[in-house]
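Asker: Generate coordinates for the entire structure from the input sequences, incorporating the hints supplied.
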Amino acid sequence: MIRGIAFTFIGIWLFHVLYVDPTRGSLSLAVSRIYLSLGGLFIVLLFAFNVVASSVRRLEKRLQRLEQTHTQSQNQADAS
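Be aware that the sequence shown starts at 1, since it is given in the numbering used here, and climbs by one per residue.
Take these hints with a grain of salt, some might be off.
The following label-pair restraints were derived from C-beta to C-beta distances [stated by the list, open to error]:
#, residue 1, residue 2, range
1, Leu14, Val52, 20 to 30 angstroms
2, Gly11, Val51, 12 to 22 angstroms
3, Leu14, Thr71, 42 to 52 angstroms
4, Val44, Gln68, 28 to 38 angstroms
5, Arg58, Ser37, 27 to 37 angstroms
6, Leu14, Leu66, 35 to 45 angstroms
7, Gly4, Glu60, 14 to 24 angstroms
8, Phe15, Phe47, 11 to 21 angstroms
9, Ile10, Lys61, 24 to 34 angstroms
10, Gln68, Leu45, 31 to 41 angstroms
11, Asp78, Phe9, 46 to 56 angstroms
12, Thr69, Phe15, 47 to 57 angstroms
Rather than coming from a laboratory, the hints here were simulated on the basis of the structure. C-beta atoms are modelled at their ideal positions from N, C-alpha and C, and glycine is treated no differently.
Answerer: Written out as C-alpha cells, the structure is:
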C-alpha cells in the first residue's frame with residue numbers, strides 16, 4: 001500500500017514538473033531540476049528501498065529453502 005501511494009505521488013509529481021509547470025524553460029531545464037529537487041531525492045530513495053526490500057525477500061526465501069533441505073537431510077540421516 002505504501003509503495004502504491006509512493007508511485008502515485010511520483011507520477012503526479014513528474015507530470016507536474018515536466019508538463020504542467022509554467023516556469024520551465026525547456027525540457028532539459030526541467031530534467032535538471034528533477035535531479036536537484038527533493039522529489040528527485042525521494043525517487044532515488046524509493047527505488048533504493050525497493051531494491052533492498054526485494055533483495056531481503058529473496059534472501060529470506062533462500063534461507064527458508066536451505067532450512068527445509070537441511071531439516072530433511074537430518075531426518076533422513078536419523079532414519080538410517
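Asker: State for each hint whether it applies.
Answerer: These are the hints, each one checked on the structure:
| no. | hint | verdict |
| --- | --- | --- |
| 1 | Leu14 x Val52: 20 to 30 angstroms | holds (23 angstroms) |
| 2 | Gly11 x Val51: 12 to 22 angstroms | holds (19 angstroms) |
| 3 | Leu14 x Thr71: 42 to 52 angstroms | holds (48 angstroms) |
| 4 | Val44 x Gln68: 28 to 38 angstroms | holds (37 angstroms) |
| 5 | Arg58 x Ser37: 27 to 37 angstroms | holds (32 angstroms) |
| 6 | Leu14 x Leu66: 35 to 45 angstroms | holds (41 angstroms) |
| 7 | Gly4 x Glu60: 14 to 24 angstroms | holds (22 angstroms) |
| 8 | Phe15 x Phe47: 11 to 21 angstroms | holds (18 angstroms) |
| 9 | Ile10 x Lys61: 24 to 34 angstroms | holds (28 angstroms) |
| 10 | Gln68 x Leu45: 31 to 41 angstroms | holds (35 angstroms) |
| 11 | Asp78 x Phe9: 46 to 56 angstroms | holds (54 angstroms) |
| 12 | Thr69 x Phe15: 47 to 57 angstroms | holds (49 angstroms) |
In this structure, none of the earlier numbered hints is contradicted; all agree with it.
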